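Colleague: Here's the letter readout for the chains.
Number of protein chains: 2
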Amino acid sequence: MEKPYVVGIDMGGTNTVFGVVDARGTILYSGSIKTSKHANVSDYVDELAQAIDIVIKQAGGYDKIKGIGIGAPNGNYFSGCIESAANLPWKGRLPLAQMISERLEHIPVTMTNDANAAAIGEMTYGAARGMKDFIMITLGTGVGSGIVIGGNLVYGHDGFAGELGHVIVRRHNGRMCGCGRQGCLETYASATGIARTAREYLEIRTENSLLRALDPDTITSKDIYDAAIQNDKIALDIFEATGHMLGEAFADFIAFSSPEAIILFGGLAKAGKLISEPIQEAMERNVLDVFKGKTKLIFSQLKEADAAILGASALGWEAKEYN
Amino acid sequence: MEKPYVVGIDMGGTNTVFGVVDARGTILYSGSIKTSKHANVSDYVDELAQAIDIVIKQAGGYDKIKGIGIGAPNGNYFSGCIESAANLPWKGRLPLAQMISERLEHIPVTMTNDANAAAIGEMTYGAARGMKDFIMITLGTGVGSGIVIGGNLVYGHDGFAGELGHVIVRRHNGRMCGCGRQGCLETYASATGIARTAREYLEIRTENSLLRALDPDTITSKDIYDAAIQNDKIALDIFEATGHMLGEAFADFIAFSSPEAIILFGGLAKAGKLISEPIQEAMERNVLDVFKGKTKLIFSQLKEADAAILGASALGWEAKEYN
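Those protein sequence lines, which keep their order, are chains H and E. Those letters in the first sequence? Residues 50 to 372, by my numbering. Those letters in the second sequence? Residues 50 to 372, by my numbering.
These are calculated hints, taken from the structure and not from any lab test. Here the structure is a predicted model, which is why all the values come from computation and not from measurement. Some hints could be false.
Identical chains blur together in the list; that is why a pair holds if it fits in one copy or across any two.
Below 25 Å or equal to it, Euclidean Cα-Cα: the simulated DMTMM-like pairs (lysine to aspartate or glutamate) are [as the list claims (entries may be wrong)]:
hint, residue 1, residue 2
1, Lys343, Asp275
2, Lys282, Asp266
3, Lys181, Glu132
4, Lys345, Glu132
5, Lys343, Asp207
6, Lys343, Glu132
7, Lys181, Asp207
8, Lys341, Glu132
9, Lys181, Glu367
Please put together the full structure from these sequences, using the hints given.
Modeller: So this is what it looks like as C-alpha cells:
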C-alpha cells in the first residue's frame, strides 16, 4: 500500500511548526518548538526530531510516512542545506535535511525555502491545483516568491531561483534593502515596506488621517488596513501606491514566464481588494499587449494558520535522499 | 533506423532561409525565398514548400527527415500559428506549421519565435550544450530572449513567454517602444536603441567624435563599433552605458531563474568585450549576494550565417503534429 501521510516542517526564525498531513491536505497531528532556543543546531534538531517522533507515532508509525518536507529560510532544494540564513541563530551551511532524516529512521526529506514551499502547497492542495504555470508571491515581513513553470518549481542551476522580492523596482533613489542593495520590490511591498510608505506619506502630506493618532515608528500594515476600511484617504492611497508598484513588477514577471495566474499570499494579501484592485489595474496597464487579460490575479486558498505546514508537507510527496 | 536529418526554416520579414541539418548541426543543403513577395500567405507557403521539397530530395528524400522546425516572428509553439506579427505582410492568425506540413508529406512541424529557436539551437549545437538553465538574449533590430529552465524552453501558459526585451528598465521618462509602452529594454539595447543613444550623446555632449562626421539619422551600431575600436570616447561611452543597462536587467533576470549562463547573440554581440565587459560589471554589481559570481556571460557559438537555420532545425528533433 502507498504510504498515506507526509510530514511538513516549517522553520521560522522564532517558531518551528510541523504536522502530519494526508493527501487531501488535512493536518492530522501537529506541534511546534522554539527555533531560537538552542545555540547549537544539533540540540535544535534533537528536540525537533523527538517532537516529530511523537506525531508520527500518533499517526500510526513510520510505515505510514512517505516523506518529510521542510520549508526554511534560504533552504536549498539541491543540497538540503540551509545556507547563511539571516534570521536563524546558526551560521554557515547547515545540512538540515540530512540531520533530520538521520534522526527519523531515514525517512526521505526534501527542503526548499518558505516561498517555494508555499507555491508547492498551493499547487498540491490550494488555488493552483491543475495549474502548470503560476507565480506565488508571499507578502509578509519580506516579499518572497515561488515560480512554477511547466508543473515544476523553478530552482535554477544553484537551487536559489525565484527571488522576486529582490528585483529592482526603483533604479534611482530606491529604498535601502536588507540585502544591501537599493530599490528592491520588498522595500515597498512587504509589511515593513508599506509601514515605511505610511511614515513617508504622513510626513509629506498634510491631510488628517486616522494614522496620525499612532506612533509613526510602530505603525503596522494592519493599522493601515484598519484605517483604509474606514475610508481614510492617506491609508487608501498607501494601498493604491503599493498595489501599483506590485502590478508594475508583475507585468515584467509576466513577460518572463507568462503564467496562468499570480497568487498572493501572506499578511498583506489579507487586505483583499484594497491591494488586489490597484495591482490588477497596474498590471493590465503595464503588461505587453500579447499578455493583456490573460494572467489571473488570485488569492491563496490555504488557511494562513495551516499554510506553512501544508506547503512544507507537499514537498514530502516528492521527498528524496540527500547525500 | 532513426531518421538522420531535420529541416530548419527561419522566416524573416524579408527573406525565408531553410536547410537540411544533421545531428551534429551541419547544414547539408540550404536555400532561401523572399518572404515579402506574396500578398497571399498560401502562395508564399506553396513557393516555400516547393523549394524545401528540392533540398529534401537532395538529402535523400522524405524518409530521411525526422521533423521540421520553424522560427518565425510571434510563432506560437502551442498552436503552430503566427499571431499578428508586425513585420510580416499577412495579418491575423496564420496556421503556418500545419500549412507547411500538409504540403510536405505531413512531416511533423514545430514552430516557435526566432529567439526561442536560437536558444534551442544553442542548446542542441552551441555554447549551451549540456546546460539545463540558461537565458539566450538576442541583440538585433529588437531585443529577444529564449529562456531554458530545467532543460526545457519556457513557453508559458499561452506559448508567448520570454519577452525580456520588453521588461521596463526605465519606469519614468523611458523611451517610446514599438510595443506602445515606454522604457522597454529593447529601446536601449537593440541596434536601433544604441543608435538612438548615439544621437542623444552627440547632441548633449560637446567633445569631438568620429561619429560627428556621419549623418546622425543614419548612424548604425556598426558605425559606433568602428569608432569605439579607434578609442573614440563618445562611442566607448555609448557601449558602456548600453552594457550597464543590460547588466542591470540581467541581474533581475538572475533573481527570477538563476541561470547557469546568459548567452549573447546577434549584431550587437559582435562588439565582443566592448559590450560584454560593461554588462559583466553591472550584472555583478547589481545582482543579489547569493547569485554573485555564479552566472556566466558568454557569446553564442553558432555562426551567425547558420544560426537562424540551425536554431529552427533544432526544433525539428522534437517536432509534433498540430491539429
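Colleague: Against this structure, judge whether each hint is valid.
Modeller: Status of the hints after comparison with the structure:
no.: 1; hint: Lys343 - Asp275; in the structure: neither (32 Å within a copy, 44 Å between copies)
no.: 2; hint: Lys282 - Asp266; in the structure: within (20 Å within a copy, 49 Å between copies)
no.: 3; hint: Lys181 - Glu132; in the structure: between (29 Å within a copy, 23 Å between copies)
no.: 4; hint: Lys345 - Glu132; in the structure: between (34 Å within a copy, 22 Å between copies)
no.: 5; hint: Lys343 - Asp207; in the structure: between (31 Å within a copy, 8 Å between copies)
no.: 6; hint: Lys343 - Glu132; in the structure: between (37 Å within a copy, 15 Å between copies)
no.: 7; hint: Lys181 - Asp207; in the structure: both (22 Å within a copy, 11 Å between copies)
no.: 8; hint: Lys341 - Glu132; in the structure: between (39 Å within a copy, 14 Å between copies)
no.: 9; hint: Lys181 - Glu367; in the structure: both (17 Å within a copy, 20 Å between copies)
Consistency note: the structure conflicts with earlier hint 1 alone.
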